[in-house]
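Engineer: Each chain, letter by letter, is given below.
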Amino acid sequence: MFKNLNKTLVGISLISVSLINAAEARDQIRIVGSSTVFPFSTAVAEEFGRSTSFKTPVVESTGSGGGFKLFCTGVGEATPDITNASRAIKSSEIDLCAKNGVKDIVEITIGYDGIVLANSKEAKQMNFKLQDIWLALAKDVVVDGKIVPNPYKTWNEINPDLPNRKIEVLGPPPTSGTRDAFAELALEGGCKTFPEIEAIKAQDENRYTALCHTIREDGAYIEAGENDNLIVGKLQANPNAVGVFGYSFLEENSDVIQGSIVEGSAPTFENIADKVYKVSRSLFFYVKKAHVGVIPGIKEYLSEFLSDKAMGDFGYLAEKGLIPLTSEELAKVRVTAENLTPLK
Amino acid sequence: MTDTPDNDQATARVTWHSEEQKSRLKSRYRKEKIFKFFAMSSLAAAIAALVVVLGSIIMTGSSGFTETRIEMDIFLDKTILGDLPTNDRQEFEKQVAGANINRILVSSLQKEFPEVTKRSDVFALLRLFSVGAQTDIRDVILNDPSVIGETVPVDLLASSNVDMLIKGNISRDIPETDRKISDQQIAWVDQLNNAGKVTQGFNWSFFVSGDSREPELAGIWSATIGSFLTLLVTFLIAFPIGVGSAIYLEEFAPKNRLTDLIEININNLAAVPSIIFGLLGLAIFINYINLPRSAPLVGGLTLALMTLPTIIITSRAALKAVPPSIKEAAIGLGASHMQTVFHHVLPLSMPGILTGSIIGMAQALGETAPLIMIGMVAFIVDTPGSIMEASTALPVQVYLWADSPERGFLEKTSAAIMVLLAFLIIMNGLAIWLRQKFEKKW
Numbered sequence: 001m002f003k004n005l006n007k008t009l010v011g012i013s014l015i016s017v018s019l020i021n022a023a024e025a026r027d028q029i030r031i032v033g034s035s036t037v038f039p040f041s042t043a044v045a046e047e048f049g050r051s052t053s054f055k056t057p058v059v060e061s062t063g064s065g066g067g068f069k070l071f072c073t074g075v076g077e078a079t080p081d082i083t084n085a086s087r088a089i090k091s092s093e094i095d096l097c098a099k100n101g102v103k104d105i106v107e108i109t110i111g112y113d114g115i116v117l118a119n120s121k122e123a124k125q126m127n128f129k130l131q132d133i134w135l136a137l138a139k140d141v142v143v144d145g146k147i148v149p150n151p152y153k154t155w156n157e158i159n160p161d162l163p164n165r166k167i168e169v170l171g172p173p174p175t176s177g178t179r180d181a182f183a184e185l186a187l188e189g190g191c192k193t194f195p196e197i198e199a200i201k202a203q204d205e206n207r208y209t210a211l212c213h214t215i216r217e218d219g220a221y222i223e224a225g226e227n228d229n230l231i232v233g234k235l236q237a238n239p240n241a242v243g244v245f246g247y248s249f250l251e252e253n254s255d256v257i258q259g260s261i262v263e264g265s266a267p268t269f270e271n272i273a274d275k276v277y278k279v280s281r282s283l284f285f286y287v288k289k290a291h292v293g294v295i296p297g298i299k300e301y302l303s304e305f306l307s308d309k310a311m312g313d314f315g316y317l318a319e320k321g322l323i324p325l326t327s328e329e330l331a332k333v334r335v336t337a338e339n340l341t342p343l344k
Numbered sequence: 001m002t003d004t005p006d007n008d009q010a011t012a013r014v015t016w017h018s019e020e021q022k023s024r025l026k027s028r029y030r031k032e033k034i035f036k037f038f039a040m041s042s043l044a045a046a047i048a049a050l051v052v053v054l055g056s057i058i059m060t061g062s063s064g065f066t067e068t069r070i071e072m073d074i075f076l077d078k079t080i081l082g083d084l085p086t087n088d089r090q091e092f093e094k095q096v097a098g099a100n101i102n103r104i105l106v107s108s109l110q111k112e113f114p115e116v117t118k119r120s121d122v123f124a125l126l127r128l129f130s131v132g133a134q135t136d137i138r139d140v141i142l143n144d145p146s147v148i149g150e151t152v153p154v155d156l157l158a159s160s161n162v163d164m165l166i167k168g169n170i171s172r173d174i175p176e177t178d179r180k181i182s183d184q185q186i187a188w189v190d191q192l193n194n195a196g197k198v199t200q201g202f203n204w205s206f207f208v209s210g211d212s213r214e215p216e217l218a219g220i221w222s223a224t225i226g227s228f229l230t231l232l233v234t235f236l237i238a239f240p241i242g243v244g245s246a247i248y249l250e251e252f253a254p255k256n257r258l259t260d261l262i263e264i265n266i267n268n269l270a271a272v273p274s275i276i277f278g279l280l281g282l283a284i285f286i287n288y289i290n291l292p293r294s295a296p297l298v299g300g301l302t303l304a305l306m307t308l309p310t311i312i313i314t315s316r317a318a319l320k321a322v323p324p325s326i327k328e329a330a331i332g333l334g335a336s337h338m339q340t341v342f343h344h345v346l347p348l349s350m351p352g353i354l355t356g357s358i359i360g361m362a363q364a365l366g367e368t369a370p371l372i373m374i375g376m377v378a379f380i381v382d383t384p385g386s387i388m389e390a391s392t393a394l395p396v397q398v399y400l401w402a403d404s405p406e407r408g409f410l411e412k413t414s415a416a417i418m419v420l421l422a423f424l425i426i427m428n429g430l431a432i433w434l435r436q437k438f439e440k441k442w
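Quick note, the sequences are listed as chains A and B, same order.
By our numbering, the letter at position 49 of the first sequence is numbered 49, and the numbering carries on one by one without gaps.
By our numbering, the letter at position 21 of the second sequence is numbered 21, and the numbering carries on one by one without gaps.
It should be emphasised that the hints constitute simulated quantities derived from the structure, not laboratory data.
Ideal placement from N, C-alpha and C gives every residue a C-beta, glycine not left out.
So the derived label-pair ranges between C-beta atoms look like this:
#1 E217/A - Q191/B: 48 to 58 angstroms
#2 I34/B - E217/A: 36 to 46 angstroms
#3 G74/A - I275/B: 23 to 33 angstroms
Required output: the full structure, derived from the provided sequences and hints.
Structural biologist: Right under this line is the structure:
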């Protein structure tokens, strides 16, 4: 038995040696970055692989920040060609890229994503002002002109129009781009309406950002991980809770959860596209120009992404929940993609 | 009853049938009963938890193995397909791949539903079918080129929304705006269903296709191959190194501070969270040695690091379990130390070593965390052909699908978990079988 076993082992190792081909030049596009853009990026990648003779690109979901880190490690086969982002590239990231020799980066805006606050259909639809959101979730808030640790326990303490229910919000963790955008758009949007905060902004910009962006840690805000399906499930189980996540999850689950109205407008496709809904952001991807022409298919991938088939009104990306650009914006982005105009 | 000398002396004086002794006996029996009750209830709780977990997975997952198809009469219009060179197979295949199958589908649909004329309605009608329906039509043409120009019935893959509706996962009672499928679309599906055109069948493509963003097209084949290649690398690295270290440490190494330190560290490593091995793999194999990201080679090496301590510890236990009399007899007959180990101890401990290794491999099969760091958690459609090509693994596929917004992925996730569990059961069963077949009782 053991002699045979030895033979089998030798056999297996021979097979595996034959499996190692000599490392060839990469012929597959590699994409990293935001988990929000991931569903759209993968849909395009799949269609691109199906309809062209190129290999299907490999798409990794690393988060926007993680994506830039990988993207900026340098130029060459071992580094990704494209990074997805649910926020614009920061100047510090451009510097990091430049330091590692990544000079020409092409920015492509692909559309919008609304960040929705939603609750179970069994409960009443909520109607928030941005102020309410900040008062409910910030670590320190303004009460009677003074800045104090957040004292609010129920929604109606903040705004009598809101229900008398415990504040219980499920949302993304700090590593998430969605959390960054939520803090910037919803929390800061509500925070800066207070004159006391405006006064602080004039004196101390850092304190202002900390006050507006820091979320309370006393259990009212529950970090639910990056898995938005999990939040949807928890909302169904607990009609008192409110969840924070991307619009595409609301769209897919609109039979069980409902989006809350923010500043008078509901998170619908039209409202986000028309920019009436306040808590929405742009989605991007960034292309390493030095790789175009070296790694086959990058240009063709761009044109697939920006085609009417994908981005148009009946395109498959709209079906997946991407809120498309207006036709003028799209025309502009197409010119950028065509000429590969780098960021300045 | 264990007898200590004290008890022996006491026995003489004890009247076993006295009331006192009887009540003592009773109380001992009672204690035993209570203990048994607690033991059995903890077992029952464990079994109940297992049944709940498996039950919920099987309940949601079993429908993932079926797919919905809609039979349509497709007119393979020559004017759309163009002149196909049927005698040159290669050129023929190429032209079929490039043909505008979408138009063929649309025109056939319009024939079936002549009342549908508005562009948006045609789109809605087309949405009843998966993008995979075009592949179905292509296959019909490729299988039998003589059908070109004729009208043939083709079983087309339905879209995930229709699939969910037929399986009852989308309720008809909720308002139209709240579901992914419109009243009009439901009416069409019902019309087709009443005509007996909608069928459900076993979803073979789940086992033979790669990942997809469309739930109805997504399959586990590329992830399974990825897992296989990764485990192959893991086994080839971890098994020889692990068993070698175990033999040295157990049979040859001197017992001193250094080997004690090594032993403590190995035991420690076995308990280190697996994500740390992922970070190590990223730092060494990708950033330093420059191996390609997402490759099963890197995944296998990383998992090998993780599995090594398990293999070393179980192998040492198996070596230790060989009775010293065997060794002494071999040495007594003039065998050298090495001959003793390799001719007698190692073969006798092999079942134990293999069992430990298989359990270690099963652990590696179920691991996702270290793979995140080295880029194997990614959307990869193509099946890897070698250990240098990008690939994912089965648990990663589960993780990615669980994170997808589309409702159709819910059942696919559970179905993939069932397949993964089946693999784990097979591996652990193999370990038990090996042990029972080859284990020597002393």
